[in-house]
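Please work from the sequences and hints to get the whole structure.
Protein chains: 2
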Amino acid sequence: MTADSVPHPVDDLTRLVIGVLGGTGDQGRGLARRLAIAGHRVLIGSRDAARAKIAAEEVGGGPLLDGGLNHDIAAEADVVIAAMPWEGHAELLGALVGPLAGKIVIDCVNPIGFDSRGAYALRVPEGSAAEQAASILPASTVVGAFHHVSAKVLLDPAVDAIDQDVLVLGDQRAATDLVIAIAGEIPGARGVYAGRLRNCGQVEALTANLVSVNRRYSAHAGIRITDI
Amino acid sequence: MTADSVPHPVDDLTRLVIGVLGGTGDQGRGLARRLAIAGHRVLIGSRDAARAKIAAEEVGGGPLLDGGLNHDIAAEADVVIAAMPWEGHAELLGALVGPLAGKIVIDCVNPIGFDSRGAYALRVPEGSAAEQAASILPASTVVGAFHHVSAKVLLDPAVDAIDQDVLVLGDQRAATDLVIAIAGEIPGARGVYAGRLRNCGQVEALTANLVSVNRRYSAHAGIRITDI
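Protein chains in written order, with numbering that gives the first Met the number 0: chain H, 0 to 227; chain Y, 0 to 227.
One should not assume that every hint holds.
One copy or two, either will do: identical chains are not told apart, so a pair holds if it fits within one copy or between any two.
Dumping the calculated SDA-like pairs for lysine to any residue here, alpha-carbon to alpha-carbon at most 20 Å [to be verified]:
{"id": "1", "residue 1": "151", "residue 2": "226"}
{"id": "2", "residue 1": "151", "residue 2": "61"}
{"id": "3", "residue 1": "151", "residue 2": "225"}
{"id": "4", "residue 1": "151", "residue 2": "183"}
{"id": "5", "residue 1": "52", "residue 2": "65"}
{"id": "6", "residue 1": "52", "residue 2": "218"}
{"id": "7", "residue 1": "151", "residue 2": "227"}
{"id": "8", "residue 1": "52", "residue 2": "24"}
{"id": "9", "residue 1": "151", "residue 2": "113"}
{"id": "10", "residue 1": "151", "residue 2": "101"}
No lab work stands behind these hints, which were simulated from the structure alone.
None of these values were measured; they are calculated from a predicted model.
Shown next, in the form of structure tokens:
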């Protein structure tokens with residue numbers, strides 16, 4: 000299924016197979032777990048297929064979870080989440096231009112650095128990780144989302160619902176609507192349209208502020224948008 | 000009173016006289032109104048003293064509100080809010096280095112542009128308006144705050160309480176604590192520490208996203224931080 004053939008609205012969202020590139024990291028495993036619980040077949044990708052399969056087993060999402068090579072899951076999935084570390088973002092996407100063509104790519108990567116004073120936003124020449132993805136993947140539809148969800152919370156079996164909004168950014172309405180719907184499948188979460196891709200940099204960078212909040216208040220902070 | 004002499008904690012916060020530079024704009028008048036209602040003497044500053052006095056009368060904050068020249072209110076106030084348009088930010092602060100020395104300067108300026116596709120974040124060489132202020136005012140203590148509060152909501156007499164958190168950023172704990180306390184004087188608002196000044200750029204830029212939210216959902220969106 001390509002982005003062009005995604006039904007609008009999707010009558011049964013959970014039919015969509017979701018791939019998670021770099022899915023063995025905390026954020027990727029957390030999203031994979033919640034989306035499998037929601038009823039999706041979810042494929043965790045890694046450069047090491049055995050590691051991906053182990054992650055799929057350990058994450059506790061049930062029989063809907065499987066693992067494989069990044070390239071293979073990019074080819075098989077209907078919608079792909081880019082969840083690799085920022086350091087490997089451009090290189091991995093650049094190797095997957097073919098299998099990702101025509102698909103919606105959800106970028107949740109935060110270009111953040113850490114030093115003795117805490118977290119800070121890294122400068123990205125393209126403006127944001129999502130815009131970098133869009134420039135590398137001209138035949139894909141890139142949507143920014145899931146930047147702020149705490150991996151710890153997503154992976155915690157004791158947490159039934161997460162208390163936050165998922166800011167969704169992109170330039171194509173059908174694609175952002177689909178990702179808003181996917182976000183809404185995670186109990187407690189709500190997808191909110193938050194602008195075009197050119198305004199994704201500050202949403203990614205805001206993760207550094209949430210790290211500061213977490214340190215100051217000993218929390219797993221998220222954000223909610225009021226008055227909507 | 001200088002920043003050094005601000006009591007920690009302030010035993011009677013409302014004794015602090017608050018100046019609002021560029022206070023005849025919507026954001027400045029809105030904050031002036033709410034802080035005067037909270038019990039502060041608030042001085043609205045402008046390059047035109049008569050215009051400032053008219054704004055102080057019209058804004059409906061009562062006898063605690065007055066207006067005057069930016070330079071005079073910078074000299075008289077204990078704490079100063081920078082609420083001028085981004086275009087005049089550097090120039091006005093540069094003219095007030097002397098009267099602002101030793102004081103806490105709360106910067107709420109958002110470097111945002113608009114075009115046919117909506118709002119977008121402007122690039123700021125210093126990283127943010129707040130960091131620009133800090134570089135212009137080395138003898139002041141700059142705190143970033145009040146970026147997201149809707150001027151319309153602040154000015155609306157029908158709105159008793161605003162539903163949002165005020166993200167407060169700065170490098171000196173006593174100063175951010177004071178501004179968190181001031182934010183908390185506005186009914187419904189809560190001040191939340193959100194990191195060092197170097198992480199203020201994305202908080203300012205996030206205003207562009209809230210503009211997008213407002214357009215999509217016909218709202219006056221704000222943000223709340225969850226889990227704290």
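Hint by hint, work out which the structure violates, then give me just those numbers in ascending order.
Per hint list: 6, 10 violated.
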